[in-house]
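Undergrad: Below are the chains, spelled out letter by letter.
Number of protein chains: 2
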Amino acid sequence: MPLGQRAGDKSDSRYCGVETDFDDDVPRVLSDNLSGGFDFLVAPLIDPSYRPSLSKRDVNGSSAIPFASSDLLLSPSQWSSHVVGKISSWIDLDSEDEELRMDSEFALKQEIAWASHLSLQACLLPPPRGGSCGNYARCVNQILQGINNMQLWLRVPLEKSEPMDEETSDATCNRSNGRFIDSWEWWNSFRLLCEHHSQLFVALDILSSLPSSNSLGRWFGEPVRAAIIHTDSFLTNARGFPCLSKRHQKLVTGLFNHSVQIVISGSLVHDISQGGIEGVPISNSDIHFEGTLIRHSLRPYLDYIAHLYQCMDPLPEQERFELGYRDFLQSPLQPLMDNLEAQTYETFEKDAVKYSQYQRAVCKALLDRVPDEMSSTTRMVLMVVGAGRGPLVRASLQAAEETGRKLKVYAVEKNPNAVVTLHSLIKLEGWEDMVTIISSDMRSWDAPEKADILVSELLGSFGDNELSPECLDGAQRFLKPDGISIPSSYTSFIQPVTASKLYNDVKLHRDLAHFETAYVVKLHRVARLAPSQQVFTFDHPEFSDKKSNQRYKKLRFKIPADTGSAMVHGFAGYFDATLYKDVHLGIEPTTATPNMFSWFPIFFPLRRPLCVPTGSPVEVHLWRCCSPTKVWYEWCVTEPSPLPLHNSNGRSYWVGL
Amino acid sequence: MPLGQRAGDKSDSRYCGVETDFDDDVPRVLSDNLSGGFDFLVAPLIDPSYRPSLSKRDVNGSSAIPFASSDLLLSPSQWSSHVVGKISSWIDLDSEDEELRMDSEFALKQEIAWASHLSLQACLLPPPRGGSCGNYARCVNQILQGINNMQLWLRVPLEKSEPMDEETSDATCNRSNGRFIDSWEWWNSFRLLCEHHSQLFVALDILSSLPSSNSLGRWFGEPVRAAIIHTDSFLTNARGFPCLSKRHQKLVTGLFNHSVQIVISGSLVHDISQGGIEGVPISNSDIHFEGTLIRHSLRPYLDYIAHLYQCMDPLPEQERFELGYRDFLQSPLQPLMDNLEAQTYETFEKDAVKYSQYQRAVCKALLDRVPDEMSSTTRMVLMVVGAGRGPLVRASLQAAEETGRKLKVYAVEKNPNAVVTLHSLIKLEGWEDMVTIISSDMRSWDAPEKADILVSELLGSFGDNELSPECLDGAQRFLKPDGISIPSSYTSFIQPVTASKLYNDVKLHRDLAHFETAYVVKLHRVARLAPSQQVFTFDHPEFSDKKSNQRYKKLRFKIPADTGSAMVHGFAGYFDATLYKDVHLGIEPTTATPNMFSWFPIFFPLRRPLCVPTGSPVEVHLWRCCSPTKVWYEWCVTEPSPLPLHNSNGRSYWVGL
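Protein chains in written order, with full-length UniProt numbering: chain C, 1 to 657; chain D, 1 to 657.
Don't read these hints as lab results, they were simulated from the structure.
Quick caveat, the model's predicted, so the values are computed rather than measured.
Treat the hints with caution; some may be incorrect.
As the list claims (entries may be wrong) - Computed, partial: chain D to chain C, Cβ under 10 Å:
hint, residue
1, Gly131
2, Gln145
3, Gly146
4, Ile147
5, Met150
6, Asn188
7, Ser189
8, Phe190
9, Lys250
10, Val620
11, Leu643
12, Asn649
13, Arg651
Stated by the list, open to error - Below are the BS3-like pairs computed for lysine-lysine, each with C-alpha atoms no more than 30 Å apart in a straight line:
hint, chain 1, residue 1, chain 2, residue 2
14, C, Lys350, C, Lys250
15, D, Lys581, D, Lys480
16, C, Lys554, D, Lys109
17, C, Lys546, D, Lys109
18, C, Lys507, D, Lys507
19, C, Lys109, D, Lys554
20, D, Lys109, C, Lys547
21, D, Lys246, D, Lys427
22, D, Lys522, D, Lys408
23, D, Lys553, D, Lys450
24, D, Lys109, C, Lys553
25, D, Lys364, D, Lys581
26, C, Lys554, C, Lys507
27, C, Lys427, C, Lys406
28, D, Lys450, D, Lys408
29, C, Lys547, C, Lys480
30, D, Lys522, C, Lys109
31, D, Lys546, C, Lys109
32, D, Lys507, D, Lys480
33, C, Lys480, C, Lys558
34, C, Lys350, C, Lys406
35, D, Lys507, D, Lys554
36, D, Lys554, D, Lys522
37, D, Lys109, C, Lys630
38, D, Lys546, D, Lys480
39, C, Lys427, C, Lys547
40, D, Lys547, D, Lys364
Beta carbons: idealized from backbone N, C-alpha and C, even for Gly.
Required output: the full structure, derived from the provided sequences and hints.
TA: Following this line, the structure appears as structure tokens:
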């Protein structure tokens, strides 16, 4: 039974599991737990007392003893929907004892084969025991090459000890003394050995103490499928009921927001005589056994988790609208070479916040340029370059009306299909004497007069990536020497991110070109490792004769030391634009314009995941390169270790002029 | 004019160049230097006083001023055989000054284009100026994507400062304070950014002081094309002539042995009144100008280098025979699935040393098993399993003769083609009553009696890689309980190596499979970074019922701290076999059997070059895996940073049973 209803949330985080044992009566164990309110079980498939012994075994092998004497004990859909197989925890593939190692390999493969036969959705692998885990990873990697749909969840305790003192925050020092634990590194090593296999996931064991929030943040970029909370990690509230610390609550909410399922583990450690959790009524699904109410012994913990789930704010409408786009890589537009479709205009025009910012900018510009006493005699010439179906024309005319200034508008648009709609809009609104429509590319149009104000919306997710600089260079010919451009400048930003989902999606294409392409993507399962930094800035107009739209920037990112070591899969990119004076527009997370949905971030992938030791800076270089026919980015990393240059000569990704 | 004749040496190291300037009379400069004894010039193509200025340039650009007013000044073959273009050294692509950076990019591309037009074989790029060199590398990388055959030689000073003291030998510490110089790291960073491009080479500047020999050793695994020796790096001998220090001499000899060309640079700094170098007669090629002998001012240095070249020992015959195999990757054999060809038997049988070791082993075994007093009454049963065309049959019979022991030989061979030759050999030699030929696979043969001695030569470069263990498992059925196997055991070894040539050759295939294959290869341009360590050992016979031919080994290599950081492209593998007691046979470099040529080393590549910081261990895992139909290796690295598991389930490389 799901934890509750949350408007818009269709993710797996609604389901809560329980870690339990099977006994001979598998169907009863399942039904008891389901009736007790849990959605699925995490349970061993094989009697833990069974251990194969290869050395004593005859050639044909021995058989394991599954709890379920037959796969028919449960229906196929019960097995697949309600049971996660828990692999025997005695298995130790990196033991010094060769016999134990060989037996472990045999048993692991045997158990996975049985789970696979049962069509389970997932198996939970025992935690790595620290160290290099080479043999465990090799064995799991062999299995991953062979299984079809089943997921493997590597159990990892959520644990990180702090460096001894400030002086030793250097990664090398910590690692070499061996006392330092960062379980994320175990996971990282394991998944690197298994080459980011897309069926390998994490199940986090949440313990009673938590590492720093920077350190926790790393997991949001990882494929975490489940979080196992032990009953002894719960505190007791004033009325004796289980509850979680503020930091645990925040973590659980974060997990819910990243579609992670909770699993309750352990036994009842809170002495609760009766009744539900504070403020939560007793559920109707409690079990009646021979007339007596029998509650699941872990029900208080489940109720508390459900309570946390239900207390979350509903998903904002914008988030709900964007759900389907989460972590979905979109190839960037070719805005100059291709014409946009009606659907795209439709979407853009719905962004009311964006146009109201433009209107504010035009208002301020008009007030600055035309003093009140001149307002009836002076008529400003405003050109909308790239007018599309007219939203900026409307915003400009509304600004004129609002400020009482007179305006003559030229609406320049290269897409003849949009021009059709523009003509009908002008007629419909009765703007014929204020607006002149020019069906032309702004770079080649020969304007009959010079403009006071040039208004454009040519920005991409990374600011200049849809070639706003080149277009406005072409357009500024017909701007008066003291004329202004709205936007007057824009700056791009990047920050390093962990994004294993995105990395895997790029890798799926099995070619170089996709690793050298920047994508537009609604970032979701992403860990932002350091504050974003400015990359390229363009100012308009720019009449200097040294003007070049080529750019080069070298940036050094410092990941906070309490994060620990980290994995960089690429760089998230944003922009911020100054429309006019203090009126800005942008998607850089810390300054983003609220409730605007025209732009998702951009993502520059790295061809290889980059491991960053604790305290080591990340040095990245970005170039904006221009040729007569195209513009492209190249990028590379030089620290902590150099990676190949990406997209040399724009071989994989470019925007045509 | 080459430095001299060295028997068997056909490499470029015979040619010596000179770094010089051009002036207006390009043909004269060339002919003066060639007549002076040099084979080629390293000279700037563009007047160094010319510097483009993009900001002042009109749209059509300005032209550089080449020394050669026309490409016709020299013939195409003169340009390509005798001139290496030296790129202007004012170029600084990582300057803080944006204008200088832009001008540098323009000039670099312009000069390369001119050199390319002249069909030069190579251009010498100015040294990186330390730091990350991101923009320099990006620009060179762009050029590399476009040029056809021309090589780019990155000039790198051969320089490495020692860590301050023992305590700070940790790489991170050295790097962060910025005072530590290791020019190999500049190169390493540059070529990683350029993705090991196969046309990017190194030209080393040899300075008057040299780093440690471990540090120097790294360069032998790199694509070093030239070594530039400055006249002020020469010492003066008792008679006033230039000479080099012992360490420099050793380095130059090493360079010669690795096909690196020497270039002399600088001006005459030794005051030599007349005459040739000590013991070296004045060359006949000195220039007579208006009747006067005019020697090239750098002639004493050239003479000394020629002297060093001529003093080298001639290449041993075996080395000469193997020249064509140097660094040439061979796919391993499938000895069980395929039959060898006559040519292969021919080559193997020529290895006299190998068979004399076998003969020694059989002698000792016979003497141990048959006391003198029993020699006339006891007849040993010896089985040669995998007899081929008979060399081990011959060695065994010779051993019997040498020791005066009586022998009955079974020669078991599965290749019916070899059996034909074997029959004719037996007839020819009159061995009919001593040798029984069995045309069968040893694994399935049903022997009529049990053997005292089992002799086999099933070893591959990595010992067990041609499935000797599986074959001998099959054959030991017909060995007496106290019978012996020759070989009685064998062990494989590996060591981490820098091998950029091999890495590039594997990469050429542009697929995963070739990076997951072990190759047989005569290692030449390779830096061995740490002493080899044992991997797998097999003993024969092995009657235990726990016997398994699966193996797992985890090894940690410690690269000597004075090496500095290093690059691992893969692991060189060897074997050593104990034939009988103290008679061994092997190719592990420190214990290799001299003058044996049957085996080249094996090479396990890494899918990605592995950077190893100073002092960091290299942890590698190797598995020998077995299934009913095949045997394969898997391998991976877990330190200093984890790499994906190689050859999972033998997907890329396996040996069939």
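Undergrad: Please flag the earlier hints that this structure goes against, numbers listed from lowest up.
TA: 4, 5, 9, 14, 21, 22, 23, 30, 32, 33, 39
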